[in-house]
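Protein chains in written order, with my numbering: chain U, 1 to 690; chain E, 1001 to 1569.
Please keep in mind that the hints were generated in silico from the structure rather than gathered at the bench.
As the structure is a prediction and not an experimental result, all values here were calculated from the model.
Where is the CB? At the ideal position from N, CA and C, for every residue including glycine.
One should not assume that every hint holds.
With beta-carbon atoms standing in for the labels, derived distance ranges [as the list claims (entries may be wrong)]:
(1) U:ALA606 - E:ARG1330: 56 to 64 Å
(2) E:GLY1123 - U:GLY75: 33 to 41 Å
(3) U:GLY258 - E:ILE1064: 30 to 38 Å
(4) E:VAL1566 - U:GLY75: 36 to 44 Å
(5) U:VAL637 - E:LEU1540: 46 to 54 Å
(6) U:THR45 - E:GLY1068: 52 to 60 Å
(7) U:VAL637 - E:ALA1316: 35 to 43 Å
(8) E:ALA1072 - U:VAL637: 52 to 60 Å
(9) U:ILE230 - E:ALA1320: 51 to 59 Å
(10) U:THR45 - E:ALA1567: 17 to 25 Å
(11) U:ALA216 - E:LEU1540: 54 to 62 Å
(12) E:ALA1567 - U:GLY75: 55 to 63 Å
(13) E:ILE1064 - U:ILE230: 20 to 28 Å
(14) U:GLY258 - E:GLY1326: 51 to 59 Å
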Amino acid sequence: MTTYDIEAGEGGRRKAASLAGGLSTPILARAAKDAFLKLDPRKLTGNPVIFATWIVALLSTVSAVAAIAAQQSAGFAVQVSLWLWATVLFANLAESVAEGRGKAAADSLRAARVTTKAKLIIDEQAGTIIPTPAHKLVPGELVLVEAGDVVPTDGEIVEGMASVNEAAITGESAPVIRESGGDRSAVTGGTTVVSDWIKVRVTAAPGSTFLDRMIAMVEGADRRKTPNEIALAVLLAGLTLIFLIAVVTLLGLGKFSGVVLDPLVLGALFITLIPTTIGGLLSAVGIAGMDRLLKVNVLATSGRAVEAAGDVDTLLLDKTGTITFGNRMATEVIAAPGVRPDAALRAAVMASLADETPEGRSIVELGRQQGLALEAPEGATAIPFSATTRQSGLDVDGRSWRKGAVDAVYRSLAIDPKRIPAEVMAAVDRIARSGGTPLAVSEDGALVGVIHLKDVVKPGVKARFADLRRMGLRTVMITGDNPVTAAAIASEAGVDDFLAEATPEDKLRLIRAEQSKGRLVAMCGDGANDAPALAQADVGVAMQTGAQAAREAGNMVDLDSDPTKVIEIVEVGKQMLITRGALTTFSIANDVAKYFAIIPAMFVVALPALGGLNIMKLASPQSAILSAVIFNALVIVALIPLALKGVKYRAIGAGKLLSRNLLIYGVGGLVAPFVGIKLIDMVVSALGLA
Amino acid sequence: MNWQGWAEIALTLGLAVGIGWPLGVYMSRVWNGERTWLDPVLAPIERLFYAAGGIDPRKGQSWIGYAGALLAFNAVGFFLVYGVLRLQGVLPLNPQGFAGLSPHLAFNTAVSFVTNTNWQSYGGETTMSTLSQMLVLTVQNFVSAATGAAIAAALARGFIANKGQDVGNFWSDVIRTTLWVLLPLCVVVAIVLVALGVPQTLAAGVTAHTLEGGEQKISLFATASQLAVKQLGINGGGIFNVNSAHPFENPTPLTNLITAVSINVLGWAAFFAFGRSVLAKKDVRALVVAAAVLLSAGAGAIYVTETQAPPAQVAAHVDASVNMEGKEVRFGAPSTAAWAAMTTGASNGSVNGMHSSLMPLGGGVTMFLMQLGEILPGGIGSGIAIMVVMALLAVFVAGLMVGRTPEYLGKKIEAREIQFSMLAVLVIPLFMLGFAAIAAILPEALKGLMHGGPHGLSEILYAYVSTTANNGSAFGGLTANAPWWNTTLGLAMMFGRFAPIVAVLAIAGALAAKPKLAPTAGAMPTHGGLFVGLLIGVILILGGLQFFPALALGPIVEHFQALAFVAQR
C-alpha cells in the first residue's frame, strides 16, 4: 500500500515509540509473575473455560498425589496434571502480556502527574495566590499557570494565551497555542506552559482528570467485557457444558460397554474438547485491540467503542484536512480578453506579494513555477484584506494591484455586471462549477484576469475510499462549502455522499437519520458545537486539541488530533473482531482431531475393535492422551503473538475475507492438530514419557 | 448399489424439495394473512374459531405471551389426551373393547402425541380404540404439527420487525396452519392413498379364514386419513405396530413414494415459507441446500451400508449382496435407505423397514441424523427454526472473521440470542446422553433390552435420541412399555420439544426488539457455497461431534467388531 497522508499522522508514528512500546524483557518478566498470581481461582470465575481447566487440573493433581501416596505408578498422572496447569498458566500469561504494555504506558503517564504545587488564585482583584497541591483543586477554582509551570489539572483558560508543550500527553513535542475563548481554550493537566501565562478555571474533579482517565484506560483497570465478548463467553460456556455432558455421560455408557474409564483420562478429554484456545486468549485479544489503538495514539474510553468501530457503516469525514489539504491553492490564471496571459499572471502575483495567507502564497508559488519570480518593490504598500472590501493587494508608485472575490472586485471597479466580457464570465462560471474559487485580479483599476483557486484533494484518498466501500462502509463528506463546490470535490474524492453548508445541527440530524436506517456512524470533531454529534455517533473521535466538551462527548480521543485517524480506528476495530473470530473458529475446529486421538485411546483396551479409529496411529493410549493435552496447552502459547498482533485486516470484501480466513483458521484448525498431535506423540514416545 | 437405486433415492428426496417449494410460498401467504384461493371456504370457519375463543387474531403477542399461549394450548391438549386414554375402556367407539391405558403409558403417549413425537410404547392395533385414535391422537397429529409451524412463523416475524414488540398471534397461526395447510393437503393425500388401496373404514376389522382352516382377525381402521396426517404432519405414529412396513399402511412402491415424499414436503415448505416471509429467499435457499446435502449424504451412507455384504453372512458363505434383514421385499434397499434418512432427518419417525436391522453404521447414521437436532428438514417449522439457530451459531463463530460483529438477516447476534441458541442446542445432548447414561447402568431399565453389548447400547441410545428429537421411531428390541422407560422417555420428549421452542421464541422476541439493519457489502454473506460449507461444518462440529464418543461405543464399535469377526474367520 502506498503511504498517503491520510494513513497516519506522523505524530502517530512517533507516539508509537513513546506510549505503547514493544514487548521488552521487563514487561515479559512482570507478565510471567502475573500469570502465576492469576492462578487464584477468584480471578478466573469470569472465564468459565479456564476456570473449568483449573478445576480439572486440581482434581488431576489430587489423583496424582493420591497415586504417589499409594506408591502406584504416577508418572502419567503427574505429567497430565502439569500440562493442565500449564494450560491455565499459558492462558494467564496471554492476558498478562497483553496487559503488560498498557501497564508500562500507565507508569510513564503517572510520571507526568503534577507533584509541584499549583498557584491557586483566591482573590482575583488582589491577585492573591496560595500554593496548593494539585490533587486538592476542585472544579470552579482559578489557578495561574506561568511559563515553566506544569498545568496542575484540566481546565478552561479564562484569561491569557500561552504556548503549551503537550508532549506528556500526546508525545508531540512541538508546543501548541492555547488561549481563552473559542475551541482552543482547554488545557490538560500534566502539560507544560512554555511561554506567557494563563489563568485557568479548574473543570475536573480530583481523580477524574484526563490524565487519570488515560491511565485507567491504558491500564485496563475498569475493563469491562464488550457486548460481543459477553456473547462469545456465553457460547464458550455453553460449549463447555455440552462437552461436560458428553464426557460425564461416558461414565454410564462406558460401564455398560465394559470399559473402565480412568477419571483422569475423562478429565483430559474434557479439557481438550472445551475451547481452551479462545477461552485463554479472549481477553488478550480485547486488550491488544485497545493497545493497537494506543499505538496509533488514540485513546478509547471503552472496549465497547473499539468493537463498535469495527461495525461502523457510515463514516462522516470533514472535508478539510481529511479529504483535501485544507488550503485552497492557485492552479491557473485566466487572462481577460485583450490581456496577455503572462501579464495577467504577473498582475496576480503582484497582487499577492504582500498576502501571507496560504492562498496568497500559492499564487506566488504558481508564478515561480511558471518562471516569474518577483519580489515586493521598495516602498510598496500592502493593502490587507478587509471584510468590507473583500480584496487585498499592493500599491506602489501610484500603481495598484488587487485581487478578491469576483463580485467585490467588480463593485470596486464599478463595472456594470452586464458588460463583463463573456470569456471572464465563462471562466468564473467554470471555476465555480468545478468546486474551485474564482478570484478576480485587477491592475490599475482594470480587470485583467481570474485566478483559479482550488481545494486540492489529497492523493490516494480515492483508492482509500474505494477500499472502504468494498468493506461496506459509506463515506460522507462534511463541508461548509456550497453544494456546487461540495459536489465537485465529492466526485473528485470518490466519497459516497456529502453534506454541504453543514452546521453542527445538520451533522447531528444526519447521524440520527443514518442510525434510524440501522447504520452505525463514526465521526470526528473538535469544536464545542460538535459535542452533541460526537455523543450521538456510535464512534465519536474527539481531537485532543479540541474543546473540553468535545473531548468529553466522544468515546475516543485522538492525541494527534488528526481527522483522518477515524479510518484507522475502524480498521483496528475490524482487526480485533477478525482476530477473535479466527481464534474461535480455530479452537472449535481443533476438536475433530482431539476426538480421534483420545476416543480410541480411552476405549481400545476394553474394545480392541475401536483401534480402527486411531487414524493418526499414535503410539500408545497414554501417549495419545498426553499428546492431545500437550498440544492443547502449547497451541495457546503459539497463538499469543497472533492474539496480540491481530489477524491482518484486508480490504478485499467480506466474501473474500471470509473465505480466506475460513481457509486459514477453519480448515487450518481442522488439520493443524492432526499434524501437531502426531508430532508430539512421536516425541513423547521417543522420550519414553508415556 | 446400482444407478437405479441412486436414482430412486435422488427422486424421492428431490420430489420432496421440489413440491415443498411452491407449498412454502403458499404457507408463507397463510402465515402472513395474505389472500389465498381457499379463503372463501375457510375464512368463515376461521372466524368461527375466533368468535368461539374470543380471540382478536390481529392482536400481536409479545414472545412471552406467545410462548404462554403455546404452552397453555399444549398443556390442555396433554390433559385431554391423557384423560381419554385412561378412560377409553368406558368411552364409546371402542369396538375391540380395549381397556384404559396404564398411567405411565397414558403419560408417555399423551406427551408423545402432544409433542409431535409419536413414540409408541404400544402396538396401535392392539391397544387403541377407534375413539382414541381419531379423537385425540389424530387431533394432536394436526395441532402439534401446527404448533411447530407457529414457532417458525413467530421467528420470521422476529427477523422482519424493526424495533418491534410482538411476534404474531399464536392462536391465529395454529388455526390458519391447520385449516389452510394441513387439512386440505391431508384430504388430497388421503383420497389418493385410498385410491391406491389403503383401507379407510370405521369397522374394527375383517375376519379371514386361513388356509389351515383357522380364523384370523385383521384390523383395518380409518388408515388412509391417519396415514396422511402421520406423514404430512411429520408425526410418524402408525396405526399398525410395524408402521409403514405394514401392507395396509404402505401397500405398493407408489404409496411408498407418496408417503416418503410426504414426510419431508412440509418441512421443506416451512423452510421456503420462512425465506419468503423474512424476505431472504437467497439466504434460506442456502439453508435448504445445506440441509439437503446432509440429508442426501445420510441417505447415501445408509444405501451404501445396506448394499454391502453383511460380514457375518460373508463369513457363513451365504450369498448376500444386500442386507435384507428388516426390509420389505417390495421396497428393497434404496427405498428403505431413502425413507430411513428422511424419517430421521425430519422428526417423523415412521419406518418402512426396521432400523435395528440396519447395518451398524447405517443404524448409526439414523441416530446421527436425529442427534443433529432434526433440521434436515425437521418438523414443520420446528426444523427451520432450529436450522436458523444453527445458522446463528455459524454466523456468530465465523462471522467475526469479516471484521464486524455478526449479523444474520439484518439482525445483530448478541449475548441474548447466543444464550438462547445454546439453550436450544444444550437440551439435545443433555436428554439424549444424560438419560441414556443413567439407563445404561440402571437394572430397572436394562430389563427392557433385548441385546447386550454395543447393539444393546444402541437400543438405549436410540430410544432417548428419538424421543428427545421428537422423532418417535424406535430401534426394535427395546420393550419400552414399563414405568422407567415410559416416564423418562416422556420427559425426554417434553423437554426436547418445549425447551427449544421457548428458546426459539425468546430469540424471536429478542430479534424483534432490535433494529433491522440495512444490508451492507461489509456484512458476512449468508448465501452461496461458502456459507453452505461453513454451515455444514458448524452443524457437524457443534451439533454432532459431542455424540461421537457415545456413537463410538454403539454402532461404530459394532461395525469394527463385525469386521474383526470376519477377519478372524
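Right, here's what the structure says about each hint:
Between ALA606 of chain U and ARG1330 of chain E the C-beta distance comes to about 42 Å, which lies outside the given range of 56 to 64 Å. Remark: the range hint 33 to 41 Å for GLY1123 of chain E to GLY75 of chain U is contradicted by a beta-carbon distance near 58 Å. Between GLY258 of chain U and ILE1064 of chain E the CB atoms are about 49 Å apart, so this pair departs from the stated range of 30 to 38 Å. Evaluation of the 36 to 44 Å hint for VAL1566 of chain E and GLY75 of chain U yields a pass: the beta carbon distance comes to about 39 Å.
For VAL637 of chain U paired with LEU1540 of chain E, a C-beta distance near 29 Å fails the hint of 46 to 54 Å. Hint check: THR45 of chain U to GLY1068 of chain E, Cβ distance near 34 Å, so the stated range 52 to 60 Å is violated. Checked against the hint of 35 to 43 Å, the C-beta distance between VAL637 of chain U and ALA1316 of chain E comes to roughly 56 Å, which is inconsistent with it. Judged by the Cβ atoms, the range 52 to 60 Å given for ALA1072 of chain E and VAL637 of chain U holds: they are separated by roughly 55 Å.
Take ILE230 of chain U and ALA1320 of chain E: their Cβ atoms lie about 58 Å apart, and the range 51 to 59 Å holds. With their beta carbons about 52 Å apart, THR45 of chain U and ALA1567 of chain E fall outside the hinted range of 17 to 25 Å. Separated by about 45 Å at the C-beta atoms, ALA216 of chain U and LEU1540 of chain E break the suggested range of 54 to 62 Å. ALA1567 of chain E and GLY75 of chain U have their C-beta atoms about 35 Å apart, which leaves the hinted 55 to 63 Å range violated.
Checked against the hint of 20 to 28 Å, the C-beta distance between ILE1064 of chain E and ILE230 of chain U comes to roughly 23 Å, which is consistent with it. Remark: the range hint 51 to 59 Å for GLY258 of chain U to GLY1326 of chain E is contradicted by a beta-carbon distance near 27 Å.
Hint check: violations occur at hints 1, 2, 3, 5, 6, 7, 10, 11, 12, 14; the rest are consistent with the structure.
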